Structure formats: C-alpha cells, structure tokens
Amino acid sequence: MENCLGKTALSATYWYRAPIFQSSAVRPTFSGLREVVNDVMARNALLEERRYGTVANNGKCGVVANMTRAPRGLPRHLWGYRSKLHYYFYIRAILRGGGVRVQILVRCTERLDKKTKDLLLLERSFSIAQSERDDLNKKCNQLRHERDKLSANLRDLELEHEKLLKLLEEKTNRLNEETILRVELENTVTTLKEDLEFKRNMYEQTLKESTTRRLIEISEVDAGVADYEARLKIDLQETRQLYEQQMEENRKEMEELFRQQLKDMNLDSIRDADVANIRLEELHQMRTRMESANKIIADLEAQNASLSARMRDLEQTLEMERIAHAEDKTVLIREIDSLRSKLAENMREFQELLNVKVSLDAEISTYRSLLKNEEHRLNISPGGSSSGSAIRSSQFQQQTPIRRGTPQRGAKRKRTTLEESASLSESNYRVSSKATGDIEIIEVCSEGKFVKLHNKGNKEIVLSGWQIHRVAGEEETIFKFHRSVKMEPDVTITVWSSDAGQTHEPPTNIVMKSQRWFVADNMTTTLINSSAEEVARSERERQQLSSMSSHLRETSGGFASTSRFEGEDIFHQKGDPPAGKDETCRLMTLKTSLCVKVEDNIAVL
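Take 0 as the starting number for the sequence shown in numbering that gives the first Met the number 0 and just add one per residue.
Source of the hints: derived by calculation from the structure; they are not laboratory data.
For clarity, every value in this text was computed on a predicted model and none was experimentally measured.
Cβ atoms here follow ideal geometry from the backbone N, Cα and C, with glycine treated the same way.
Incorrect hints may have been included.
Said to hold, decoys possible - With a cut-off of at most 16 angstroms between alpha-carbon atoms, the simulated EDC-like pairs for lysine to aspartate or glutamate come out as follows: (1) Lys148 with Glu290; (2) Lys232 with Glu208; (3) Lys455 with Glu487; (4) Lys192 with Glu243.
To be verified - So the derived label-pair ranges between C-beta atoms look like this: (5) Thr316 with Asp155: 52 to 60 angstroms; (6) Ala308 with Glu131: 24 to 32 angstroms; (7) Lys148 with Lys113: 47 to 55 angstroms; (8) His324 with Glu442: 19 to 27 angstroms; (9) Leu299 with Leu119: 48 to 56 angstroms; (10) Ile296 with Asp273: 31 to 39 angstroms.
Just need the whole structure built from these sequences, with the hints factored in.
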C-alpha cells in the first residue's frame, strides 16, 4: 500500500513539473528569475498535493483495511466477491486522489499562466526602460555637443564683444577729439570774426581819418577835389567789395567744413549705436543659452566627481605600485652591494696573488744571487772567460727595480738589503644624474669630447635660449643653443667639443665653435632652460682604488746584480778559484731547474 502511495505522489509531482519546464522554454531571458519562480511554485504544489493526498490516502487505507479483514462468520465462497469489492474500492480511491491532483494541477497551471504574463509584462517594461535610457543617452550626447558648440559661439561672441567695445571706445575717443576740434574751430572762427571786425573798424577809422585829411586837403586844394572824391569812392567801394567777398568765402568754407564733419560724426554714432544694440541683444541670448548650458555642466560635473573618485582610487593603486617598486629597488641595491663586496673580495684575492708574485720574484732573485755567489766562489764562467762576462736572459719581467750592492773585492763580503715593492691602482667614476622634465643627460664623456641629451617625452621641445653649464674644478664651460634648434620626441642630441674632430650636423650633432668640455676629477653638467630653471643634472666623481705591497730581503756577497723585465745581467769577479767541470755542470743544471720552476709559478699566477 505504501508503495502505491509513493508512486502516486511521484507521478503527481511529475505531472505538475512538466508544464513548468515547457513554460520556461518559451522565453530564454530572465532564466534565474524563472528558476526561482518554478522552485517556489513546485514547493507550493507539493505541499498542497501532500495535504490533499494524505486525506484521500487515509480514507482509502481505512476502507482497504476494513475490507481486508475477513469476518469470522463469512462463508468461503463469498471471499472471491469480497476481493473484487476490495479492488473496486481501491480503484475508486485512486480515482478520487487523481481528481484532487488534477484540481491542484489546474490551479498551479492558472498560477503559472498568471506569473508568466506578469513576467512578460516586466520584460516588456524593462525593454521600454532600456529604450528610454538609450534615448536619454542620445539626448545627453546631443546636449553635450550643443553645449560645446554654444561654448565655442560664446567665446567667439565674447571676443567680438571685446572688439566692439574697443571699437566703441575708439569711436567715442574720436568723437570727443572731433568735438574738441569743432570747439577749437568755432573759437578760431569767432577770433577771426573779431579780428575782421577790428580790422573793419580800423579800416573805417583809417578811412575816416583819410577822408578828413582828404577833406582838409580838398579844402586846401580846391583844384582836385572832384577827382579825388571820385577816386576815393571808387577805392573805398573796391576795398569794401574785396573784404566782403573774402569774408563771405571764408564763412561759407568754414560752415561747409563743419557741416560735413558733423554729418559724418552723426552717421558714425548712429551706426555704432545700432551695432552695439544688436550685439547686446545677441549677448543676452547667449547668456540665456549659457545658463541652460551651465545646468548641463552641473550634471556633467557630478559625473566628473564620480570619475574623480575613481581617479583617486587609481592613484592609491599607483601609490601601492610605487611602494612595491621602491621595495624592488631596495632589493636591487642590496644585490648591487653584495656584488660590490664580491668585487672587493676579488680585489683582495688579486692583492694576495700579487704579494705571492712579489715573494716569488724575491725568491728568484735570492736563487740567482746564490748561483752568482757559487759561481763567483768557484770562479765559474759560462762562456769560459776569466775576466768576467755578462749573460742576458729575456724570459722574466719585473715591475719594481732592485737595489744593487757595490761590488767589493776583499776577504770580507758585505750584506746588502734589497727592497722590492709592487703597487696596483685602479680608478673609476661615480655617476649620479637626475632630470625634472622630459630632457635628460644620458652620457658625459670622461675625456671631455661630448655631452649627450635625450628627449624621453612625446612632445617636440624648442631649445631656444637653453644652456649647458659644465663645471670641472675651477674651470667652466657654458654652451647656449641656437634659437632654431628643436628636439623631436625620442631623439638624442650630441654636443661635441671643438677639438673632437666631428662634423657639424644639427640638430643631432652640434659642434661648438671655439669651446671645449673641461675635464677634472669632479665634474658637474647642468641643463638650464630659457627661464633659468635647472632641468637636468649629471655629476661625475673619480674614485681611486690603490694597493701596495713590499718585500725586504738580505743577501751577502761581493758582487753587483741587476734584474729587470727585459733581461738579466750577471757580473763575475776576477780571482775566484777555478772549479771542476763536474761541479760546473751541476751548478748549471741547478740553475736551469730553478728557472723552470720559477717559470711554472709565473704561469700559474
């Protein structure tokens, strides 16, 4: 019975989930939301199925249990009908349970349809929102473009407004000047009129005086009165006509000149006023547009603030990277220090080997002096000459000279102290450079031949007025670039001394005319721009590493010996007793073996 109920529950669950799976394949979008909805609906349907199935199964199990019990007084031939009746009741219980599941399935299908419709509405509203967002983005881009255009127009109008203000000021100044000129001319006309009136009065007075004199003369001279009066009238009329005509012409010319100037000035002022009104109206419109653009700019500034926050985050990341770079640099410096210590150790080993070489040279000299003493004692000469001979050997070389004792012929031999020394010296430069801009000093010749500059930026730099300042001890060199020299990105310029023997090929190779780069143990090279600011600096300091070793030895003998790199001279004294042939051969063999051993030691070194 339990197996039957379990199969029924599983089949009901399968009947319910099949349409959900089919509905989820309708639209592939929002798959995560659909899975959550399907899971919730499946759980709800399973709970309802269990609730209704439990009630039906309880009733069915009760009927089956009652039917399986065989009453004690029932005959055997009725047991077959009883089993058929049990089967009938079992089928009826299953059908009742199936009806409950169908009802549950119908309800769940209705809920599923409703949820699917809601989901479709949400998707539709989401697509509408996306389209509205795209439209808003387009409008925002258009407004930005329009804002840029309005800003450019505003700048142009502001420039034009400034030009018009300057023009208006010039016109105003010109009007004031013309007004002043008009007043001056009016004053001049008034002055001329007064002068003319004064002259007229003078002429009239003179005329009256002349008339009086003439009348007196006429009264005195009656003979020419009529002729004199006629001539006088004619002269007076001519004088009056001449002065009146000249005054009328001057007045007309002045009035016409003033009228024309006043007309031109009125026309200019009217035209300037119209242009100023038009520009003021355009300026008002541009201010209105600018206010609308400022609102858009405020929104853009909010976006800029968010981007600034992002930039600060990136700067923090960059600072962390700088810290990591500094740590890596510290590790590299430690490695460099370890390499320097290894180099110092190698130098100490080399010094020890040099000391060994010096000691071997001293032993060789000792062996040679012993050989010479024996030869001198036995009076042996390799060439067979009793007067002495000189033997030259070119197989050894020695750096330091050996002091020679003065040869003495006598019974007592003097002890001579010989000093041998060897020295090793090495020099190098410690270079430090820095640059505050795109141009840096990458190389400075230690022999004073050239100075190299490099542009590490991505912009062209004009070197007009720039200088290179070299300080070497108490001497200095100042080189100033020509105003036409330009430095392209990622280009190296070499400034050569005049005695370097190079060809002048600007702008990459520049040869100084009569200057050269001075050299000293401490040199400082500085690049200065046209504003007298230091752009780059390079310092070179010579470091001297030296070592010395010495060796003292004492020998005895009455001979003089000289040893140097190119050869060897051995002097023998006269009067030594002769030696036998066998002893001479033995000494020569000993000498040869010692020379071979010394050569092997030198080869090892």
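Here is how each hint holds up against the structure:
1. Lys148 with Glu290: holds, 14 angstroms
2. Lys232 with Glu208: At roughly 14 angstroms apart (the allowed maximum being 16 angstroms), glutamate 208 and lysine 232 satisfy the hint.
3. Lys455 with Glu487: Cα-Cα ~10 angstroms, so holds.
4. Lys192 with Glu243: Between lysine 192 and glutamate 243 the Cα gap is close to 12 angstroms, so the pair holds against 16 angstroms.
5. Thr316 with Asp155: 52 to 60 angstroms: Violated, at about 42 angstroms.
6. Ala308 with Glu131: 24 to 32 angstroms: Distance hint for alanine 308, glutamate 131 holds at roughly 27 angstroms.
7. Lys148 with Lys113: 47 to 55 angstroms: holds, 52 angstroms
8. His324 with Glu442: 19 to 27 angstroms: Distance hint for histidine 324, glutamate 442 holds at roughly 25 angstroms.
9. Leu299 with Leu119: 48 to 56 angstroms: violated, 38 angstroms
10. Ile296 with Asp273: 31 to 39 angstroms: holds, 34 angstroms
Hint violations for this structure: numbers 5 and 9, all remaining hints satisfied.
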